[in-house]
Amino acid sequence: MTRLAAVLALIASTAGAQVEEADDNGSDGYTPSEAAVHETLRLTGYVDVGFAAAEGNGSSFAPFDTRVPADYAVDAFAPAVNSRGDVASTDARGVFTNGFLPRSVGIGNRPSFLLNTASADVRFAPASIPLLVFARLQVMPRFSSEGDATRVDLQQAFGRLSPFTSHELAISLGKFDSVFGIEYLENEANLRTGITPSLIARYTTGQSLGIKAFYRYQLPALWSALSLNAAATTSGTRVEALMTPHQSLTGIPAGSARLGYELNLQKVQAKLGVSGLYGPRNDQRDPGVKQQAIGADLRLWLFGFSLSAELIRMIDEPGRAAGKLTGLGTSELASGFSVTGFYVTAGWTLPFSAGRLDHLTVYGRYDHRRAQFEGFGRVEVDRFTAGVRAELYGQLALKLEYLVNRELDGAPDVENNVITSSAVFSW
Amino acid sequence: MKQALCAVLLLTGCAPPASETAGRWPTPALARAAQGSELAGGFAASLFVTLEGRPLPFSSEALAGADGWSVLPAFALSQPAAYLVTELWEHHPDPWIQPVYVLVTSFDPITRQVVNGTRVPTVFGVGEDSTFYSPYWEAIFVKTRVPAPEEGLADTRAVLGAASETRIGAKPLCPITPARFGIAAAPGAGPVHPLTGAPIRQLAVSAVRIDGASASYIDLGVDRFEASESGAVTPTRIFFFTRTVAGQRTLLELPAVLSDNAVRSGYARRYDVVLDKEAIFVPAGPRWDAARGKLNAGPVDPAIPVEVAAAYALRVAKSSACFAAAANFPAGCQWLDSEAAIEGLDPRRVIRTGVTMTAAPVLFNGVKL
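From first to last, the protein sequence lines stand for chains A and B.
Every number in the numbering used here is 757 more than the matching position in the first sequence, counting from 1.
Every number in the numbering used here is 16 more than the matching position in the second sequence, counting from 1.
Wrong hints could be hidden among the right ones.
[Claimed, not checked] Residues from chain B that face chain A, not an exhaustive set, calculated with beta carbons under 10 Å:
1. I113
2. P115
3. Y117
4. Y149
5. S222
6. I226
7. D227
8. A231
9. S246
10. G247
Hints listed in this document are in silico derivations from the structure and should not be mistaken for laboratory results.
Just so it is clear, CB atoms sit at the ideal spot from N, CA and C, and this is done for glycine as well.
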């Protein structure tokens, strides 16, 4: 409660900020007028309320599979219930795990309402200077066997400078979104068509802390543009449950970048990109132990149909010393690891609206992931996802989704399908 | 200041030093290291694995007839003992119990599945290449809906997919080994204690399936290690004697001292005992001349009976005074040949190291294991 009260106070103080009056000489100086501030200061956000039910015990762990670490032998991220990728349960029944777990809402196989996220964005972008200041604060009420486990996360906080009016160049400094692939663009529940992230989102959609530059070069004769988005950050692109973004454990940043091409016609848009990542693993302290990844992505919009796909190949070198540090705590060892995965999502926004219903979209996604920890058996899983999204009043998205998780190789078959829903109120 | 400078020079690779490198050597890795005359955890790997045709450690002339674990002499509870080192770890987290799936037709009594007169292979959950490989297992007996084929089931997924009923069993110590392996011995002979000549029981490899592949292991028996409730294997102590030479602690080629509970606790952490005024008993006779020179040991009464001398060979005493007269030997000596005796030393001379190992006794308190 104390954390929630602090968050609300922050939002209230920001919204009702009092500003000093202009100097006598009529110049705004560094203090814009109250009217100008209110134009350039925007507060937005959303509340994501869900209801989810998972099969089995809500986790991917199988009885009598006592291999350790337990999280090396299954895909613990599979039974996701919300847009954050939180799962129904990570209960390994007391079997030792080694820092390859997602965050959990802890409902197990008991259906439950969930307040997935309460999110608030503050954006300040004065008209007179090419500067943007942005912060996103999120609250996730949770409960665990140890009591209240509510989390408050300053998911992003950065300043962005666009120094040239004739070039689309933006330099950001702070904590910001990933630059790898395209799925990070749908991290937030109000932006994501469906509910749950893909099986490869854990590698590509994490926020991190550092410096980023974005440049887009327009090719108007081809109705196209080329873009380069590059970053040097503490952790790279993995989600914070796997690598902390808050500091560099090695003293060396990880570099990531995406080179993209986009085609923008009236009825058809297409985007293609290739991405890369290289730098020290930020779940251990040796700067000589590397993480590296390559990826490719594609998005198409044609006449109400959308298709997006992304592919990644990632390799982690084995840590040389004991100790592994992630957003969930300290574990024993940073093992060598490799993964190849992809997803394909197709959606169709029905060409009608009725009354308060603005849009109705049906979608499906196929995910495939094949991963292996050093010396452990390979784990191969896939997932079929189907769902529907209804947009009402322009501010409310109602979503319903069903996930069929399959273990193809390595991991024992378990019941870990999920049915989940989400109501996202945007403001 | 250095850290701040490094933070600026991002592209130069300037970074703080990494912590101690973790190393691990299961038996196949020890064999490869022995082949390359490499070190493992500060020891020569050839001390633990003797390759065919190479000298058996602590034996004057005997050569190994085949690859195998060296029988290493030790003392425990003031008696000669012997042990094998099957795995070694350095600056590595303690290992965890892993599952071994045993296919059975009956739980009571336990009756293994047999096809064409051959037992269906067990299935190990994890192989030696994993950073979390350990030779410490928990047996899970599995009845399957249909009998397994002769080659067994490929992996954990196949076992649990075929299981109709399971039951938790005992905890055996089973190191993965190369295919042709055992306890190192002279050609045509069985393994023996290298100092006393006491016979040691030879062991045979068995077949196992791991992640679709086949491998070999040797069963050293059940109740040979201790673990916490969460499954982390807990170490006992094994003591090695050292001397400080030119400021460096140097390992001496002497029998180790096993802890009193070594039979029930085969996972041990190396503790170095730094010798000061203590003396090493090296028996008289040409067989011991090389050892006497290496260890800088003093003379002993040649009247000490040969069989008595052999039982006390390379044993450390607090003083050499009792070596001088056969009548006073061995009762007049205070020996460092038990955990209790070492605990009586100045604790500053007993140094905990980052090396742990599977040190499985094969002779303890006069009993062959």
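Tested hints:
{"no.": "1", "hint": "I113", "verdict": "holds, 8 Å"}
{"no.": "2", "hint": "P115", "verdict": "holds, 4 Å"}
{"no.": "3", "hint": "Y117", "verdict": "holds, 9 Å"}
{"no.": "4", "hint": "Y149", "verdict": "holds, 6 Å"}
{"no.": "5", "hint": "S222", "verdict": "violated, 20 Å"}
{"no.": "6", "hint": "I226", "verdict": "holds, 8 Å"}
{"no.": "7", "hint": "D227", "verdict": "holds, 4 Å"}
{"no.": "8", "hint": "A231", "verdict": "violated, 12 Å"}
{"no.": "9", "hint": "S246", "verdict": "holds, 6 Å"}
{"no.": "10", "hint": "G247", "verdict": "holds, 6 Å"}
The structure shown violates the earlier hints numbered 5, 8.
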